[in-house]
Amino acid sequence: MFDDSNRRLVLFNDEVNTFDFIIEALIDVCDHSPEQAEQCAMIAHLKGKCVIKEGPGETIKKMAGQLTTLQITVEIN
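For the sequence shown, the numbering used here gives the first residue as 1, with consecutive numbering after it.
These are computed hints drawn from the structure, not numbers from a lab.
Among the clues, some could well be false.
Claimed, not checked - Calculated cross-link-like contacts (lysine to aspartate or glutamate; reagent style DMTMM-like; alpha-carbon spacing at most 20 Å): (1) Lys49 to Glu75; (2) Lys61 to Glu15; (3) Lys62 to Asp31; (4) Lys47 to Glu35; (5) Lys62 to Glu15; (6) Lys62 to Glu75; (7) Lys62 to Glu24; (8) Lys49 to Asp31; (9) Lys47 to Asp14; (10) Lys61 to Glu35; (11) Lys49 to Asp20; (12) Lys49 to Asp14; (13) Lys61 to Asp20; (14) Lys47 to Glu58; (15) Lys61 to Asp31; (16) Lys62 to Asp28; (17) Lys49 to Glu15; (18) Lys47 to Asp28; (19) Lys61 to Glu75; (20) Lys47 to Glu15.
Quantities reported herein were computed from a predicted structural model and do not represent experimental measurements.
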């Protein structure tokens, strides 16, 4: 179980999902604006990973579960 201290949700680049799919998922799951979602997708593509959200542990865990269900590779730090 995660405590409620702040955690980071990290998105990893993959060769499976399209940019549009990732962008839509970040908008839907993480409540990103379209611009923010596009920037996060591009950073993950270019650098291999990107912190996409910071917040309470339980919130981040829920988002990670939703993204993982969509076959998007993330981890919690």
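| field | Indices of hints not satisfied (ascending) | value | 2, 5, 10, 13, 14 and 18
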